[in-house]
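Q: Model the placement of chain U on the given structure of chain C, informed by the hints.
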Amino acid sequence: MQQVQDSAAFVELQKIEQSLKELTSALKPPAAPPPPPEKSKWLAGVWEVLKVIIPSLVLFFVTYSIKDSVDMALHERQLQLDYVKQMGTLDSAMQDPRLTPESATNNAIQLAAFGKYSIPFFLHVLEGGNQVSIAGAMQGLHMMSMTEPEEVCRQLTLVISNRTMLYKWTSHLAAMKLLGEAGCGSASSTVNEYNNSLQSADILKTWVSPLPPPNPKEYSELKDQVAATLKLLERASKSNH
Amino acid sequence: MAQSTNRFIRMTGFCVVLLSLFCAEPVRAQLIACSMPGTPEEFKVYLDDVRPLTKTVPPRLRARLESLARSLQENLKVAVNGRAALKLCDKRFPLDVSDFTAQVDELDHMRVVLEIWGALGGANGDEGELGFVLVPARSLLNPVVFVAKDDFKGPMLELVKKYIELGAFVPVVLGTTFYQNDQFEDAISPLCEGETKLQVAIAKQGASQTPEQKAFVQHEKDLLVHVQTMVNVSLKKLKDAGKPQYKALAPDSGGNFSCPK
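Read top to bottom, the protein sequences are chains C and U. The first sequence begins at 1 in my numbering and counts up one residue at a time. The second sequence begins at 242 in my numbering and counts up one residue at a time.
Rather than coming from a laboratory, the hints here were simulated on the basis of the structure. Even glycine gets a Cβ: it sits at the ideal position worked out from N, Cα and C. No false leads were mixed into what you were given.
Lysine-lysine pairs mimicking DSS-like chemistry, simulated, CA-CA at most 30 Å apart:
#1 Lys403(U) x Lys462(U)
#2 Lys332(U) x Lys168(C)
#3 Lys85(C) x Lys168(C)
#4 Lys438(U) x Lys502(U)
#5 Lys445(U) x Lys390(U)
#6 Lys223(C) x Lys478(U)
#7 Lys484(U) x Lys205(C)
#8 Lys296(U) x Lys455(U)
#9 Lys445(U) x Lys402(U)
#10 Lys390(U) x Lys318(U)
#11 Lys116(C) x Lys238(C)
#12 Lys328(U) x Lys390(U)
#13 Lys477(U) x Lys502(U)
#14 Lys402(U) x Lys390(U)
#15 Lys438(U) x Lys462(U)
#16 Lys477(U) x Lys223(C)
#17 Lys328(U) x Lys168(C)
#18 Lys116(C) x Lys168(C)
#19 Lys328(U) x Lys205(C)
#20 Lys231(C) x Lys116(C)
#21 Lys478(U) x Lys205(C)
#22 Lys480(U) x Lys223(C)
#23 Lys402(U) x Lys332(U)
Which chain C residues stay away from chain U? Per the calculated CB distances, all over 10 Å, these:
#24 Ala8
#25 Lys41
#26 Gly45
#27 Val58
#28 Leu74
#29 Gln78
#30 Tyr83
#31 Pro120
#32 Leu204
#33 Thr206
#34 Lys231
#35 Ser237
Chain U on its own, in the form it takes in the complex:
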């Protein structure tokens, strides 16, 4: 009797779960798996599709979308510089930043360190959006998604080159990964490179106008604090380990170590 009651409760529960899942508002996510998954061991940077922000795509916007995709690819190749594998993910694109919430753990387990996407809107394609998922920072920051919305007037390659974040986030995520794997000596160089570039990116923003831009800069400032903490801990550990090149290193008045100038 008790067994059949239990079975009834279980079956009812299952039906409720099924109904709730079927009746739930459909998720709009189109974050399909990357078409170039790569090998399990290597660290990867995913470059997603570049998409229009509007339904209609006039020829001028289409041309600028293609230009943005090319420019991102070229710039990322330089930024990554063989330190990770750049993977082009055809037809992968988030419809909302929250799409990454369900995938960020899996991305980390697949050793994806950074994911980038781009989008353009406006008839002339001059309303731009660049998105970054700093995967290893998931234990430091919430959310780990940075979306920069900006004016994208002018030659695309020049614009992308000026986008310091593109060059800053790659060393930050690589340095964070080394740090999390206790490879403190390997972590120092990319973390310091990332710190310098992040400081430049924050300074470049100046007095931000829109609340979105202000939030973006604040998010970068929070990341910078974490990067400086990782640099401090790494240098302290290396000095304590008696590494000769770190013997002369002296802490500042607050007892913290910082990147060598």
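Bound-form chain C, shown alone:
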């Protein structure tokens, strides 16, 4: 009886052992893939190196470009300051009451050689100069409109857009004349708006410096100039298409 029990237990144990074997074989990982070829190994190595280098390189280039633009800005600012110093002498010469038309032209040529930085100086002379220096400033702006038309057009448009009595009516007139002669297409809408808004000498008085207040004759002259400028801009626009 004892022997029967032992053999039954033995069979049972064998079953359990068999089940455990099956379970163990099911849990075993799949067979390892074949070893990678030599090239893939090399690429993986490069990738590992790049993963380390790329962030450093990005950081380097970002820093470099920031430094470069800051350097450029500083350099430009320094250049501007140098120009201002040199142009200051010429600007004083333009304000000299004994200035001859010949000297005014020469000074204007020298000022124009400073490029866009000379434009505010010419506008300053238009505002406060005498009959000789104003003629010189007009020549200077004329020259600038040939070399840096976009910048001249932009700054002259700012003059005619001003409604806070910053400029004399004569500066509006000069700016309007030059905008037409330079064919400033970018100013077309501003000139149109100016034409539509400027309906009387009284309106003009609220836009421009009160010294001197523009009289009806001066208002008419400005209005005629606006019409002439519009015609020139229209012609320039047609020739561009």
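A: Below, chain U without anything else, positioned relative to chain C:
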């Protein structure tokens, strides 16, 4: 690429402009700004230097130059009579009438109505020249510069007094300025005064001899036509406006109004 081409074209253009300006024949103008610019609002009459027409200035010529400068100043004070500010412009003098071409617009914007200069030549200073720039007339006449060359023998003050243009041009430019500012009532009196004096000046010339004098008289006649037109328009506007003192005014057979006699 296109941007750099544009920049190249611009720079080349700028260099061409610079070269052309430097290589251009130098302008001889010595029309420096007036040493007494005045206030921006007032109407101004500029009296420039009186200069010799020759390089050498003998004592007699120098004395007559000083005399002409004084006489012009005294006569102009009377002619202007407080209606504008007389400004003495030291060392301002045109070397050529074309010098004014570049400045006449600016003079108008500065409310300069008249500019006068004088010059004398000859060993005795008896070859005279008087120049007038009628600034507000720039929209009516071209050129607006009148140069009268004459015999200047005799006492200077008397000669200048006889120069009717000196008295005629002041009211003409003032009347023109009022007219251009739609101040028709203010314009009538100086325009009529100018018209009368201009007629006298033209009649005085008689049968002019030199082509220069003939051209000068013709220029005055053209100005007179413009003055008469301004008088006609001003009176018509005043009558149409119903001003009582102009109600009785009747036009001539051609339908034009003229200065009351």
